[in-house]
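When you get a sec, could you build the whole thing from the sequences and use the hints?
Going down the list, the protein sequences come from chains W and Y.
For the first sequence, this note's numbering gives the first residue as 97, with consecutive numbering after it.
For the second sequence, this note's numbering gives the first residue as 6, with consecutive numbering after it.
Simulated from the structure, these hints should not be mistaken for lab results.
This structure is a prediction, so every number in the text was calculated from the model and none was measured.
Ideal Cβ placement from N, Cα and C applies to all residues, glycine included.
The reader is advised that the hints may include incorrect statements.
Computed footprint of chain W on chain Y; a stretch qualifies when at least three of its residues, placed anywhere within it, have a C-beta under 8 Å from a C-beta of chain W [stated by the list, open to error]:
{"#": "1", "segment": "39 to 47"}
{"#": "2", "segment": "156 to 168"}
{"#": "3", "segment": "201 to 209"}
{"#": "4", "segment": "258 to 264"}
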Amino acid sequence: MTYHFGRGRSRWLPYLLLLPGVIAYFVIALGPSMATTVYSFTDATGLPGAPVNWVGLDNYDEFLFLGQAARDNLNAVGRTLVFCFFVTTIQFTLGLLVAIILNQKLRGRNFFRTLYFMPVILGAVIQGLIWSLFLYPLGGPLAKFLAVFGARSEFLGAQPTEAFAWVIVVQIWANMGTTMIIFLAGLQTISKEYYEAASSDGANRWQVFANVTWPLLTPSVNTNLLLNVIGSLQAWQLFLVLLGYRNGTQVLGYLIYATGFGQTSGSVTSSFRQGYAAAASIIMFILVLVIGMSVQYVLRRREARILE
Amino acid sequence: MNTTSSEALRLRNGIDWGRIGSYAFLVLLAIVYLGPLLMLVNTSLKTTPSFMRDATGLAVEPNFENFAEAWEKANFPQYLFNSVLYTVSATLIYVLTAVFVAFPIARGYVKYSGALLLLFVIALFLPPALIPQFQLILRLGLYNNPIGYILLFIVNPIGIVILVNYIKSVPKELDEAAALDGCGYFRFVWSIVLPLIRPAVATVVVMHAIGIWNEIILPTIYLTNKDYYPITRGLIVFQGVYGSDWPVLAAAVLMLTLPMVILFLFLQRYIVSGLTAGSVKG
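Printed below as a string of C-alpha cells:
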C-alpha cells in the first residue's frame with residue numbers, strides 16, 4: 097500500500113517503531129517456544145553455570161519407557177485426557193444451554209449473565225481458595241449437604257479420584273462464563289426472521305434448535321470447542337491451588353512444571369530437570385496439536401456438510 | 006428459544022412451562038455461583054471458635070477483626086504495590102509497542118506484513134516456552150528480579166491480532182489527508198490513530214492487565230524473594246501459614262475478591278469484546 101508519510105530516510109520510521117514490539121516477541125515468546133525442541137534433547141538443569149550436554153532422545157525414552165516413573169507419566173497423560181474430556185463436554189453443553197436460556201427476553205437476565213461470567217476475572221488463586229472453603233470437610237456447606245443423605249466426604253483430602261473430580265467442577269465453574277459469552281455473541285448474530293419462519297411452520301422448540309440455532313451457530317461452536325479442548329489440555333493452575341502436587345492427581349502441565357522447577361510429594365521427587373521437562377513440553381505440544389487438529393478436521397467437515 | 010416460539014407454546018399449554026423451567030435452571034445455577042461467595046463472606050465475619058463449632062452457621066454478630074488481622078499479618082500493602090507495579094508497567098510497555106506493531110501491519114506499510122501477522126497468529130499453536138524462557142532470564146541475570154519478571158509480560162500476540170483487525174476499520178483516506186497536511190508518521194499514529202482505536206486498545210489493556218494480575222505460575226517460578234511477590238503469590242504464602250484459620254484467611258481472600266468484582270462490573274464490556282473478537286466470524 098502506498099505510504100504517504102515522506103520518502104528517503106523517513107520511510108524507515110515505521111520499521112524503526114515496529115522493531116521494539118517484534119524483537120520483544122521474538123526474544124521472549126517465539127524464540128523460547130521454538131527452543132523448547134532443542135532443550136528437549138539436552139540435560140539442561142535450572143542451576144546457573146551448570147554444563148548442558150546433548151543427550152539425544154534420552155529424555156523422551158525415559159519419559160515414556162523407563163520404569164515406574166514412565167508409568168506415572170503415562171498416567172498423567174491419561175488423566176490430562178480425562179480432564180479435557182469432562183471439562184470440554186460439560187462446559188460446552190452447559191455454556192450452550194445457559195446462553196440459549198439467557199438469549200430469551202427474561203427478567204434479570206443481565207444479572208445472571210454477570211454472575212456466571214464473574215469467576216473468569218478472579219483468577220486461579222482466588223477461585224481455588226473460595227472453593228477450598230466451600231469444600232471444607234469439617235462441616236462446610238457441601239459436607240453438611242452430604243450429611244443430610246448420610247454420606248461423608250473428605251473432598252480435596254480424599255481419594256485422588258474424588259479430589260480430581262472436584263478440580264473438574266471448579267474448572268468448569270471458573271470458565272463456563274467464557275463459553276456462555278461466546279455463544280451469546282453467536283446467538284445474537286442469528287436473524288429473528290429464521291425463528292419467525294420456523295414458528296409459523298409450527299416447529300417445536302427442539303426442531304427450532306436442531307434446524308435453526310445449531311447450524312447457524314457453527315462459528316461459535318467451532319471457537320468454543322477448540323478453546324475448551326486446548327485450554328483444558330494445558331490448564332493446571334487449579335490443581336496447584338486446590339491440591340498441590342499429589343500422587344494420583346497430576347496432569348501433564350503440572351508434571352512439566354514440577355520436573356522443571358522442583359517439587360516433592362510422597363514418592364515423587366523431582367528437581368530442576370529442565371531438559372526432561374522440555375521433552376515433556378513437546379509431548380504435551382504434540383498432544384494438543386493432534387487433538388486440536390482432529391477437532392478442527394471434524395468441525396470443517398461438519399461445516400462443509402451444513403453449507404451444502 | 007425466542008419470544009415467538011415461547012408464545013406459541015404458552016397458547017398451547019396454558020402455562021408457560023418453558024419460562025418456568027428456564028428460571029428454575031437459572032436460579033439453581035446461581036446458587037452454585039453465589040454459594041461459595043456467600044460462604045466466604047459469612048466465614049470472614051465469624052470468630053475462629055464459632056467457625057470451628059459450626060462452619061456454616063450464620064455470623065449473627067459480625068466480627069470485623071478478621072479483616073484487620075489479615076491486613077496486618079499478610080503484608081498486603083507490599084504485595085499489592087508489587088502487583089500494581091508489575092501490571093501497570095508491563096501493560097504500558099506492551100500496549101505502546103503493540104500499537105506501533107499493529108498499525109503498519111494492518112496498513113501494509115512494512116514489507117512482509119502478512120507473514121509478520123501470521124507469526125503472531127501461530128503463537129497460539131506453538132510449544133510452551135516455559136523452559137527456554139527460564140534459561141534466558143537466568144542467563145541474563147534477571148532471575149528473582151522485578152525487571153526480569155516484568156519482561157515476561159511485555160508480549161501478547163492475541164492483542165496484536167485484535168488491534169490489527171480493528172485498525173483495518175479505520176478509513177485509509179485519513180492517512181493520506183493527514184500526510185498532506187504535513188502530519189508525520191509518529192504524530193499520526195500517536196494523536197490520530199490511537200484515539201480512534203480506543204475501544205480495541207481498552208479491550209487489549211484490560212485483558213492483558215487481568216492476566217498479569219492473576220498470574221500465579223510465573224511468580225512461583227521466577228520470584229524467590231518475598232519482597233518481590235505479587236498479591237497472588239502472597240495469598241498462597243498466607244494460606245500456607247494461616248490455612249487452618251479460615252475466618253482470617255477468608256477475610257484476606259474477600260479483601261482481594263471485592264475490588265476485582267467491582268472493577269469487573271465496570272470493565273465487563275471490554276472483557277466481553279475481547280473474548281468475542283473474531284470468534285463470531287470464525
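Checked hints:
Chain W is given as covering the segment 39 to 47 of chain Y, and this holds because 6 residues of the stretch bring a CB closer than 8 Å to a CB of that chain, at least three being needed. Check on the segment 156 to 168 of chain Y: 6 of its residues sit with their Cβ under 8 Å from a Cβ of chain W, so the three-residue criterion for coverage holds. Residue count for the segment 201 to 209 of chain Y with a Cβ under 8 Å from a Cβ of chain W: 0. That is fewer than the three needed, and the coverage hint is violated. Counting residues of the segment 258 to 264 of chain Y whose CB lies closer than 8 Å to any CB of chain W gives 3, which reaches the minimum of 3, so the coverage claim holds.
In summary, the one numbered hint that this structure violates is 3.
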